[in-house]
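Q: Between the sequences and the hints, there should be enough to build the whole structure, so can you do that?
If you read the protein sequences in the order shown, they are chains S and V. What the first sequence shows, in my numbering, is residues 1 to 168, in sequence order. What the second sequence shows, in my numbering, is residues 1001 to 1637, in sequence order.
To be clear, the hints were calculated from the coordinates, so they are not data collected in a lab. C-beta atoms are modelled at their ideal positions from N, C-alpha and C, and glycine is treated no differently. Careful: at least some of the hints might be erroneous.
[To be verified] Partial selection, computed: residues in chain V whose CB lies under 10 Å from chain S:
{"hint": "1", "residue": "Val1061"}
{"hint": "2", "residue": "Thr1481"}
{"hint": "3", "residue": "Ala1483"}
{"hint": "4", "residue": "Lys1496"}
{"hint": "5", "residue": "Ile1499"}
{"hint": "6", "residue": "Arg1500"}
{"hint": "7", "residue": "Val1503"}
{"hint": "8", "residue": "Ile1511"}
{"hint": "9", "residue": "Cys1512"}
{"hint": "10", "residue": "Pro1515"}
{"hint": "11", "residue": "Asp1516"}
{"hint": "12", "residue": "Tyr1518"}
{"hint": "13", "residue": "Asp1519"}
{"hint": "14", "residue": "Thr1575"}
{"hint": "15", "residue": "Arg1578"}
[What the hints assert, rightly or not] Capping the alpha-carbon separation at 30 Å, the derived lysine-lysine pairs in DSBU-like fashion look like this:
{"hint": "16", "chain 1": "S", "residue 1": "Lys162", "chain 2": "V", "residue 2": "Lys1138"}
{"hint": "17", "chain 1": "V", "residue 1": "Lys1495", "chain 2": "S", "residue 2": "Lys132"}
{"hint": "18", "chain 1": "S", "residue 1": "Lys28", "chain 2": "V", "residue 2": "Lys1569"}
{"hint": "19", "chain 1": "S", "residue 1": "Lys96", "chain 2": "V", "residue 2": "Lys1279"}
{"hint": "20", "chain 1": "S", "residue 1": "Lys132", "chain 2": "V", "residue 2": "Lys1490"}
{"hint": "21", "chain 1": "S", "residue 1": "Lys155", "chain 2": "V", "residue 2": "Lys1138"}
{"hint": "22", "chain 1": "V", "residue 1": "Lys1496", "chain 2": "S", "residue 2": "Lys28"}
[As the list claims (entries may be wrong)] Only some residues are given here: those of chain V computed to face chain S with a beta carbon under 10 Å:
{"hint": "23", "residue": "Lys1495"}
{"hint": "24", "residue": "His1508"}
{"hint": "25", "residue": "Asp1509"}
{"hint": "26", "residue": "Lys1513"}
{"hint": "27", "residue": "Gly1517"}
{"hint": "28", "residue": "Val1521"}
So the chains spell out like this:
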Amino acid sequence: MEKELEIIFLNSKNTEVEKTGGGFLNIKTGGVKYENVQLVRTFPFSGEDQYISVRTADEEAREIGMIEDLARDFQGNARAYMQEQLEIRYFTPVIKKINSIREEGGSSYFDVETDAGRSRFVIRTNENAFIKLSETRVIIEDLEGNRYEIPDLNKLTARERKKLDIFL
Amino acid sequence: MKEQKNKHPAGSTRPAGGRRPGGPPEGEGRPGVAGPFGGKKSFYYFWRILKYFKPHIPAIVVMMFTYLGAAVCNMLYPYLNGTILYDQVFSKNPAVIKFFKLPGGRFALALGLVVLAMVVTKLLVQFLLAVQSYINAKVVPHVILELENQVFRSMGRLSMRFFHSNRTGGLMTRVISDAGQVTGFFIDFLPEILTQVPALIATCIIMFAMDWQLALVSLCLLPFMVLIHLVMMTRGHILFSRRHRAERDITAKLNDNITGVRVVKSFGQEQREVAAFEKVNNEVQNAEVAITANFNKVNAAYTFLERAITLLVWGFGSYLVLHDRQISYGHLISFASYVTQLNPLLRLASQASRQWAASMNSAARIFAIIDAEPEIVESRHPVSMESVKGEIRITDLTFGYEPGRPVLQHINLHVEPGKMLGIVGRSGAGKTTLVNLISRLYETDQGSICIDGVNIREFSFTDLRRNVAMVSQETYIFMGTVAENIAYAKPGASKKEIIRAAVLASAHDFICKMPDGYDTVIGASGRTLSGGERQRISIARAILADPKILILDEATAAVDTETERAIQKSISYLTKNRTTLSIAHRLSTLRDADYLIVIEHGRIEEEGTHEELLQKNGIFAHLMELQTTALAMRGLE
Ligand SMILES: Nc1ncnc2c1ncn2[C@@H]1O[C@H](COP(=O)(O)OP(=O)(O)OP(=O)(O)O)[C@@H](O)[C@H]1O
Ligand SMILES: [Mg+2]
Chain S
1 MEKELEIIFL NSKNTEVEKT GGGFLNIKTG GVKYENVQLV RTFPFSGEDQ YISVRTADEE
61 AREIGMIEDL ARDFQGNARA YMQEQLEIRY FTPVIKKINS IREEGGSSYF DVETDAGRSR
121 FVIRTNENAF IKLSETRVII EDLEGNRYEI PDLNKLTARE RKKLDIFL
Chain V
1001 MKEQKNKHPA GSTRPAGGRR PGGPPEGEGR PGVAGPFGGK KSFYYFWRIL KYFKPHIPAI
1061 VVMMFTYLGA AVCNMLYPYL NGTILYDQVF SKNPAVIKFF KLPGGRFALA LGLVVLAMVV
1121 TKLLVQFLLA VQSYINAKVV PHVILELENQ VFRSMGRLSM RFFHSNRTGG LMTRVISDAG
1181 QVTGFFIDFL PEILTQVPAL IATCIIMFAM DWQLALVSLC LLPFMVLIHL VMMTRGHILF
1241 SRRHRAERDI TAKLNDNITG VRVVKSFGQE QREVAAFEKV NNEVQNAEVA ITANFNKVNA
1301 AYTFLERAIT LLVWGFGSYL VLHDRQISYG HLISFASYVT QLNPLLRLAS QASRQWAASM
1361 NSAARIFAII DAEPEIVESR HPVSMESVKG EIRITDLTFG YEPGRPVLQH INLHVEPGKM
1421 LGIVGRSGAG KTTLVNLISR LYETDQGSIC IDGVNIREFS FTDLRRNVAM VSQETYIFMG
1481 TVAENIAYAK PGASKKEIIR AAVLASAHDF ICKMPDGYDT VIGASGRTLS GGERQRISIA
1541 RAILADPKIL ILDEATAAVD TETERAIQKS ISYLTKNRTT LSIAHRLSTL RDADYLIVIE
1601 HGRIEEEGTH EELLQKNGIF AHLMELQTTA LAMRGLE
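A: As structure tokens, then:
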């Protein structure tokens, strides 16, 4: 098979991971060292730490390899460094409580409590700002591209759900 | 891509399933045939729709009774309120006492009784209305669901020809509102009309008999009432937008299936699509219940405004009472109440003809789809062909979309298992038609197509779909995640398999660049993909399907040269160990073909290997020369 069509899987045996002073990751695999690599979740919703694509820092973002299962294939510091990188990249506050939703001129202004503190954000009322991951799990993407997660709609109070009703 | 359909104007004018055997009479199933009060056909649809309500007969009988009960109560109330209360009880008419069999002079008791009767009547009406809206909200969504599901199932059965012939897009996106329209008419409107028309006539007669001047005054105010009604209806904005959202999803689902019907069929996924459709449909059903509830609120507000109008009648009436005592006070009260009741009745009557026409038109469109006969039927006793070698033999094949206009004539062809056949020809020569026939998306007119020596008519649909997959000119992306789209032909494929297929299709990189990767929702109302991206998704789909026979119809048409090179690599991997039929305008794409045919005017004009055709110095050599020159010129720029 052609080389480009093969998937290279990275694991602790064929890959060294180190953290730079600036908080980036350098990776050494197949005798080549890559600096400031990017970690990309290929299934950010349905398989968070599985099938992570490791890519070069340059514009081309070429794939260096994939990590099939971070928890299984890496241990210790390497795993922790990578988990940290992913956490930063995919930071999504979880909405604990909805204080209010105000609709004005086609925009909806949310005031919510999240696990990272109180937050206010704006979405367009009629655009699909809600990504339904399942019947009960929802991601809200605001106008600036920030994301908020509601892990379980059923855990909200009836009043909170009613406020969300027109978006779902 | 999609414009492909527009290239066939001839197809869109064809009546539904023109040649199907034993279907309903021609024209019966055609959309939009019922005009306003469209004659006999309208009544035919009327009866047919009635049948859908059969399971709900008990509910509907109850409903009729509530309408009747409410009408009777409404006729009774003004009488109690005016004539009895004021003219008899308040003016201490001894006849009342006698009537109630009360001891002499006990007018207070009589008053109590009359008021009680009035309150009970009012409460009863409210109760009956509540029962009505309850039944309504239960029955209507059910019938709609049933109608829509039937439409959908029949869409799954139908051949490609039907979709080409009926300008599906425009027709189908209306299926939803059509079903609602029809059902609404039957459950909301019809029973009400049936009970209210006599009430309307009775009320009018009573009013004019009581006082013709007052009657005229009250009728003058009617247009104003209609106006208020219209204004009120524009509220309920948010609920409608919710339903709209749900409907948009469902329309998207329908659209997916219509534009993608070829893919749905060629991967044998009709069953799954029906299930998916039922799910979105349920969502609309919920929104619908909410709307019906809201509608009742609007109605209540409307009644309130009606009361305000009644005041005007009161003004004029009081004037009459005070000045010439032409009528009594109780009389006026009764009259005013009748006026209040008249308005909704008239509103109903004014809508009758419009409702009827609109509903029967909708019914016509719905039955057009339900009635269309599937042209391609699965063999009753299919030969078991779970895995095939992939040998194709076409013998004396002739086919046309319209009788007397053959698109393909006397095609003879043999492709050995695992070989690659290149198909070349001008646009409109019939290349796509040929491969569609091999996938049995259309039925051959004459001649036969065999796979491993077995006529494809003897294959079960499942076996055929499993063994023949197509990457076509039209790429079907349905509403769902990238992963779901790739795993279309193999639901339940693992993440690893999906990624592997995407990598082989050179799709992995662009997918990773999307913020949600393989979890990104694409399709109708999701993220839009470029032509090349869609095409690579469809290649990944075919890779995952792993068929023995692969059809590539302009698989690299929508991409730039660099991407094409990448896809080419994927394709050469994909074509290994399978029989491949590849159609391409860019002849360089067919370098690897073991054998080539040139189709011109529906016939195979030339065939042979690349070298043989070049030596022949015919059409192929000519096309080759043109393209090389074109390429060279581009190189000079
Ligand atoms: N559904 C249809 N109904 C009626 N005529 C059709 C239909 N589809 C195709 N045709 C006609 O059949 C002929 C062959 O069409 P076909 O799509 O097979 O051409 P093609 O060789 O694939 O062209 P292209 O290279 O542009 O894809 C054309 O004249 C076309 O107008
Ligand atoms: Mg074609």
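Q: Against each hint, give a clear statement of whether it holds in the structure.
A: Okay, the hints, checked on the actual structure:
1. Val1061: 35 Å, violated
2. Thr1481: 8 Å, holds
3. Ala1483: Where the cut-off is 10 Å and the nearest Cβ of chain S is about 7 Å from V/Ala1483, the hint holds.
4. Lys1496: 7 Å, holds
5. Ile1499: With Cβ-Cβ at 6 Å, under 10 Å, it holds.
6. Arg1500: 6 Å, holds
7. Val1503: Holds. Min distance 6 Å.
8. Ile1511: 7 Å, holds
9. Cys1512: Check passed: Cβ of V/Cys1512 comes within 5 Å of chain S, closer than 10 Å.
10. Pro1515: 8 Å, holds
11. Asp1516: 6 Å, holds
12. Tyr1518: Nearest chain S Cβ about 5 Å off; hint holds.
13. Asp1519: 4 Å, holds
14. Thr1575: 13 Å, violated
15. Arg1578: Status violated, d = 15 Å.
16. S/Lys162 with V/Lys1138: 22 Å, holds
17. V/Lys1495 with S/Lys132: Roughly 20 Å between the alpha carbons, so the hint for V/Lys1495 and S/Lys132 holds.
18. S/Lys28 with V/Lys1569: Holds, at about 29 Å.
19. S/Lys96 with V/Lys1279: Holds, at about 29 Å.
20. S/Lys132 with V/Lys1490: 23 Å, holds
21. S/Lys155 with V/Lys1138: Answer holds: S/Lys155 to V/Lys1138 is near 28 Å, not above 30 Å.
22. V/Lys1496 with S/Lys28: 24 Å, holds
23. Lys1495: The hint holds - V/Lys1495 has a Cβ within 10 Å of chain S, the shortest such distance being about 6 Å.
24. His1508: It holds, given that the least Cβ distance between V/His1508 and chain S is near 7 Å, below 10 Å.
25. Asp1509: 7 Å, holds
26. Lys1513: At 7 Å from the nearest chain S Cβ, V/Lys1513 passes the 10 Å test, so the hint holds.
27. Gly1517: 4 Å, holds
28. Val1521: 7 Å, holds
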